[in-house]
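These protein sequences, in sequence, are chains P and V. Residue numbering for the first sequence follows the numbering used here, starting at 1 and increasing by one per position. Residue numbering for the second sequence follows the numbering used here, starting at 1 and increasing by one per position.
Calculated directly from the structure, the hints in this document are not laboratory data. C-beta atoms are modelled at their ideal positions from N, C-alpha and C, and glycine is treated no differently. Please note that the accuracy of each hint is not assured.
[Stated by the list, open to error] One-sided excerpt, in silico: chain V residues whose CB lies under 7 Å from chain P:
{"id": "1", "residue": "Phe62"}
{"id": "2", "residue": "Lys66"}
{"id": "3", "residue": "Pro127"}
{"id": "4", "residue": "Ala133"}
[As the list claims (entries may be wrong)] In silico DSS-like links for lysine-lysine, alpha-carbon gap of 27 Å or less:
{"id": "5", "chain 1": "P", "residue 1": "Lys40", "chain 2": "V", "residue 2": "Lys120"}
{"id": "6", "chain 1": "V", "residue 1": "Lys266", "chain 2": "V", "residue 2": "Lys212"}
{"id": "7", "chain 1": "V", "residue 1": "Lys58", "chain 2": "P", "residue 2": "Lys40"}
{"id": "8", "chain 1": "V", "residue 1": "Lys66", "chain 2": "P", "residue 2": "Lys32"}
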Amino acid sequence: MINNIEDEIREMVSKILEVPVEELAPGVDFFKDLNVDSLKAIEIVAAFEKKYRIIVPEDDIPKIRNLGQLIEYTKNITS
Amino acid sequence: MDTRKIVVTGLGVIAPNGIGKEEFWSSLKEGRSGIKPVKRFDTSGFKCKLAGEIQDFKPEEFLESKGLRDLERTSRLLCSAAKMAIEDADLDINEKNTDDIGVCTGTTLSSLWNVAEFNKGAIQDGPRFTDAALFPGMVMNAASSQVSIRYNIQGFNTTISTGYSSSIDALKYAIDFINLRRIKAVLVGGVESLSLVNYSGFYRLGFFAGIKGEELSCPFDKRRNGILLGEGASVVVIEDEEYALERGANIYARVNGIGNCFDTFKMGKYHPEATGLKESIKEAMRNSDLDVSEIDYIPVSSIKSMIGESFSAGGLFQIAASVGSMYESFIPPTINYEVRDDDCDLDYVANKSRITRINNVLINNYGPGGSNAAFILSKWN
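With the sequences and hints as input, model every part of the structure.
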């Protein structure tokens with residue numbers, strides 16, 4: 001189950017950012033390393049919210065800066 | 001306003017019957033139609049099935065594939081046509097001249113696809129889960145802005161949405177900018193893309209050929225019974241002649257006269273006396289260097305017979321066609337002309353193009369909403 005969520009999220013982010021899955025190491029910074037702009041960030045959040053039917057509070061968004069944090073965040077929310 | 005001499009130096013076309021100026025011109029010359037059964041959406045609920053759809057367009061041939069995901073169809077079409085036009089004009093856009101170059105685009109219906117998709121999401125998933133990525137493409141000036149962003153054009157960026165006359169109105173706006181000496185060169189574009197929304201809308205208003213007759217785009221023919229919708233993008237580079245000469249550009253033609261006029265009659269009805277159109281033509285003649293006495297013969301041709309009604313992009317397709325006419329010495333035909341109508345008794349260049357030298361072309365844009373515009377393109381020597 002846990003692995004499934006990880007794979008799902010990695011695939012979702014890879015599709016939106018047009019970055020191959022293998023380049024998406026958990027610690028790679030979305031903004032510094034992958035040049036994600038605010039629009040892309042919103043797109044990730046929107047896709048994430050739609051997939052898991054949850055609403056990410058505004059204050060939580062800036063805390064998620066890489067894939068590892070996003071996966072961790074999802075695990076906390078879905079557990 | 002000090003009037004500058006303005007010339008056309010570049011061209012990019014994505015039309016239903018040809019991608020790129022060469023293919024477009026040869027299709028026009030041979031009277032090849034771009035009308036075909038629609039593939040982009042399901043037309044089984046309609047009596048009509050045809051449109052001037054662009055089916056063999058591969059945006060990755062013009063634009064980098066990374067980032068295409070975020071670009072809706074209208075922006076893909078316009079950015080690709082703009083790229084062709086910039087290359088054709090051999091215009092090097094850099095930090096030094098970026099403020100001297102602008103973008104002006106005519107479009108009206110082109111964002112409807114994204115609007116519809118966004119709303120579908122709102123209905124299906126609820127307003128909190130709509131697709132944020134669709135939102136930037138939901139505004140009318142999205143495509144025009146994408147051109148500026150992609151090619152780093154900073155002079156100005158404007159979208160003109162005046163329906164059927166948008167193309168020439170956009171051109172006029174750009175010309176005024178050059179005359180005011182606020183800019184030296186402008187990418188003037190026209191773009192529309194087919195969507196279920198505009199197809200269904202025009203169908204429900206009863207505008208389509210095929211509802212009450214043959215489903216055929218046959219202007220001036222007795223069987224004509226409405227329009228067939230088209231799509232595509234056409235971009236021309238116009239510039240101050242002085243600037244064009246200074247940078248050694250290849251000049252296609254010169255902008256001679258232009259005029260526009262709104263006639264207030266009734267929503268969805270042409271003015272019975274065509275007062276606005278007449279006034280537009282007169283204005284275009286007045287500010288050209290032509291005299292009515294110099295015009296001895298006027299053949300009338302409608303390229304809509306081959307590409308359909310492309311609405312706000314229509315005028316730019318006509319300009320692209322007219323540049324080809326002058327350059328390759330032919331008048332494109334009005335195809336599907338078979339049954340004569342006594343009310344239409346002019347020379348329509350029926351079915352076959354005519355080989356002849358062309359020095360001046362008058363282009364008219366007008367629609368049943370009151371907007372009218374006319375433009376004279378002349379040979380540059």
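Going down the list of hints, with the structure as the test:
The beta carbon of V:Phe62 comes no nearer than 18 Å to any beta carbon in chain P, farther than 7 Å, and the hint placing it at the interface is violated. Using the Cβ-Cβ criterion of 7 Å, the hint placing V:Lys66 at the interface with chain P is satisfied: the shortest such distance is roughly 5 Å. Given hint, V:Pro127 at the interface with chain P, is violated; its Cβ is 12 Å from that chain's nearest Cβ, farther than 7 Å. Interface restraint check for V:Ala133: the shortest CB-CB distance to chain P comes to about 5 Å, inside 7 Å, so the restraint holds.
Annotation: proposed proximity of P:Lys40 to V:Lys120 holds, straight-line Cα distance about 21 Å (limit 27 Å). The straight-line distance between the Cα atoms of V:Lys266 and V:Lys212 is roughly 23 Å, inside the 27 Å bound, and the hint therefore holds. A C-alpha spacing of about 24 Å is found between V:Lys58 and P:Lys40, which places the hinted pair at or below 27 Å, so the restraint holds. Note on V:Lys66 and P:Lys32: the hinted pairing holds, with a Cα-Cα distance of about 18 Å set against a maximum of 27 Å.
In summary, the numbered hints that this structure violates are 1, 3.
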